Amino acid sequence: MATVASALSPAAPVPARRRIPRALLAASLLVAALLLLPLAFLALQARGVGWPELSQLLFRRLTLNLLWNVVRLGVVVTALAAVIGTGAAWCVERSDLPGRRVLALLLILPLAIPDFVVAFGWVSVLPGVSGFGGAVLVMTAGLYPLVYLPVAASLRGADPSQEETARTLGLSSLGAFRRVTLRQARPTILAGCLLVSLALLAEYGAFEILGYQTFTTEIFTEFQVGFNAPAACALSLVVVLIGLLVLSGEGALRDRGRVARSGNRRGSSSARVRLGAWRWPALALLLAVIGVALGMPLGVITYWLLRGGGSTLPQGASVASAAGITLLYSGAAAAVATVLAIPVALLAVRNPRPGIRLLERSTYIVQGLPGLVIALGLVFFALHYLPFLYQTSGLLVAAYAILFFPLAHVAVRASVLHAPPALEEVGRSLGGSPLMVRWRVTLPLIAPGLAAAFCLVFLSAVTELTATLILVPTGVQTLATQFWAYTGNVSYGAAAPYAAAMVVISIVPGLLLGRRLDRRPASAEAAP
Amino acid sequence: MSAIRVVGMHKGFPATPVLRGVDLAVGVGSLTAILGPSGSGKTTLLRVIAGLERADRGRVDLGAEVVDDGRRFVRPERRRVGYVPQEAALFPHLTAAQNVGFGLSGAERGGPRVEGLLQMVGLAGLGPRFPHQLSGGQQQRVALARALAIEPRLLLLDEPFSGLDPTLRAVVRDEVRGILSQTGIATLLVTHDQEEALSLADQVAVLRAGRVAQAGPPEQLYSDPIDLEMARFLGEANLVEGTVEGRLARTGLGVLTVRPPGPGSLALAGSALVLVRPEQIAIGSPGGEGALGWVLRSEFHGHDSVIEVTRTGPTLPEVVRVRVQGSVHFPPGSVVRLSASGEARAWPTPSPGERLPGEAPPRAVRRAPGPIDPS
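Just so you know, the protein sequences line up as chains A and B, in that order. For the first sequence, our numbering begins at 1 and goes up steadily by one. For the second sequence, our numbering begins at 529 and goes up steadily by one.
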């Protein structure tokens, strides 16, 4: 009988369009404005410098050399990271490689070690590791997890019945992998590659240690050593341009990369591919990667810790006091970034309209900006408009919050999907005021996402170096800046404890977070 | 006095009017079903009554209180209207008991009242469970208990049974009706399932083109629809061509009594379409009065069967549906005689260019109803 209803159907169903809460919209606009602040002030600064001087600074041999350095390193490292990350993910998730569970853990741990510490690990004992070759080695080791992590998650979440269907249609196991699995993982691999490219563009510390000249090292030198703001500004514009270019590629991928899931089964039930005689070479390769990325830096830190050693530098901050400062800054930044992400995530998830989507997208731009550029933008802003802010902790925390906002946003956004507005409405009809309903219903539901956002930002802020060097108040030392001061002076023994503290602080919550994220399948609902 | 009265309510979203002048009243203690196809604005109507949306125009009264008339607007938390949205919408981070106690004051939350409500909906002892540990039917009942906890003046149920599988649906439906008649709370239930509306409600209101097209007791809507569209929408309809003279309609299925037209409408004379429900038609072996036809197929429902009969004659629909007792059986291809009796509604035959609402466009070649070959 119910089918007769269609005879009376007047029009297509009307999606329930909800009124946009004004306060939420205002808060989100404010957040977006804050995020775009550094970019805006960079542009203002460039206008102040004037085009004749800018063009003189831009169109010279140096720019071309830097561009060549950035591009060749970007291409080689991204390609290597894609191959290693995808191969490792396949071995761990789809083959019968021995020791898969331990390997899965060891393969993501390098994320917790900042790249400048990896570089330190190599250079402090093998000074020959430098230049282009050194940069390729260190950066590939440091960045391949950015491909490994999402690809492994997507392989784990992929529906094995598609691979099985391909087998019944006559494909070999390798053919099925190539034409079904790899084809489906391609958007994920490319997204990982873009993350690698952006990280390469933003990296400063490792290149400085390795003596490899890129835009960031040059900008830093111009600004911090040469006090040449116009030159730093001009080169920053180039970096921003490259970053936005890479990012726009990401946006295009996001729209094309939807993969439909027809079944609910998980990859765990599919039969693993037998490696046979290949298992030992494969294992050796993975162990080598782990050795370069994890074993070497950890071993070298331990070596310097045991060996100890003084420094000709005046006594800096103790490990404990530097760690305290670092925890304080990172905690504040994590709290601020998480709070900033809440209105944007709520607004974007619950009101998916073109205008709102644009607003949300504008916050993604931050991903394309290196920390150095954000820090410079804030410096220009403070110097010109609010000089009393310059050299304060507040400005550094703001820079962290802006820099790592995208991390917080992704985590909060995923959790807002689990708190549908229907629940708030039921709460209202049961007599709860809007504020009370937010407190008793929405907050508990998004709390896990807030915790994840806090952890992600906290971890990243603990190991941040570049923006910290520029913005940290005079006389204050964080773990990263004190480590940097000692390594700059070749006092490796004195630097090691600070590196060890950073790694310990970031590995523990990193492990917890990794396990939490690991349990969740990487499905469409988590994707922004 | 009505528990709720809606007068001339308009509500739309940018570029899409949804409700265009809804009038509706629900008596104290009665259960009214809003029936309409998906997209007809049923949910929007409930949301406006609950205060989750504001009406663009018109007025909503709860008892003697005006809660929305364009100027005055009572916020949802002040309305004391129990709202059970689709799919129960239990708070996933709270247990069943905490869900039920959500709208109660702090002191009452842990008290015997919550346990009493759970008992009333047949879930005694399941209070400590979380929503994901409950079945769909149990979740629905927790949602009902949660809404009843605030002693609402009015209960709104949005497609409360649509998420349940068919066998469970009937059981939960019966239970919910039992609980509602126990509490005596006026209830407004939204559904797109005619059977649900007709079997459950004291009053059915059909929402069409943003208005309440017809409202009344289920029997009245079924036997006395206001127009052809309504006749086809509610229940199965055979529309038979005939001639009306006075109170008699002569059709290919026999002579039927025409219901007196409602006040204000003109008496009918001349050619007309007569609504004959499947259970008004008797089926038998050839011989005697009525129309002959071929059995096309029969649907067996257990308690009854619907037999489709075709090639009955030019004035009858191509397929006539007849409801018989489950034990009656005619094999496909057998020749039968159909005759109708009782009261029926009739409407003037639409002019040739007009199509019946809901009817498929005329086919280029109509199968000629040939003479029956009894071989």
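The set of hints was computed from the structure by calculation and includes no laboratory data. As the structure is a prediction and not an experimental result, all values here were calculated from the model. Any given hint might turn out to be false.
Using C-beta positions, here's what the derived DEER-type ranges look like [what the hints assert, rightly or not]:
#, chain 1, residue 1, chain 2, residue 2, range
1, A, R361, B, G664, 34 to 42 Å
2, A, L29, B, T544, 21 to 29 Å
3, A, P352, B, M529, 50 to 58 Å
4, B, Q614, A, G175, 23 to 31 Å
5, A, A447, B, T711, 44 to 52 Å
6, A, L29, B, P620, 29 to 37 Å
Every residue, glycine too, gets a C-beta built ideally from N, C-alpha and C.
Now the hints, each set against the structure:
no.: 1; hint: R361/A <-> G664/B: 34 to 42 Å; in the structure: 38 Å, holds
no.: 2; hint: L29/A <-> T544/B: 21 to 29 Å; in the structure: 27 Å, holds
no.: 3; hint: P352/A <-> M529/B: 50 to 58 Å; in the structure: 43 Å, violated
no.: 4; hint: Q614/B <-> G175/A: 23 to 31 Å; in the structure: 45 Å, violated
no.: 5; hint: A447/A <-> T711/B: 44 to 52 Å; in the structure: 35 Å, violated
no.: 6; hint: L29/A <-> P620/B: 29 to 37 Å; in the structure: 31 Å, holds
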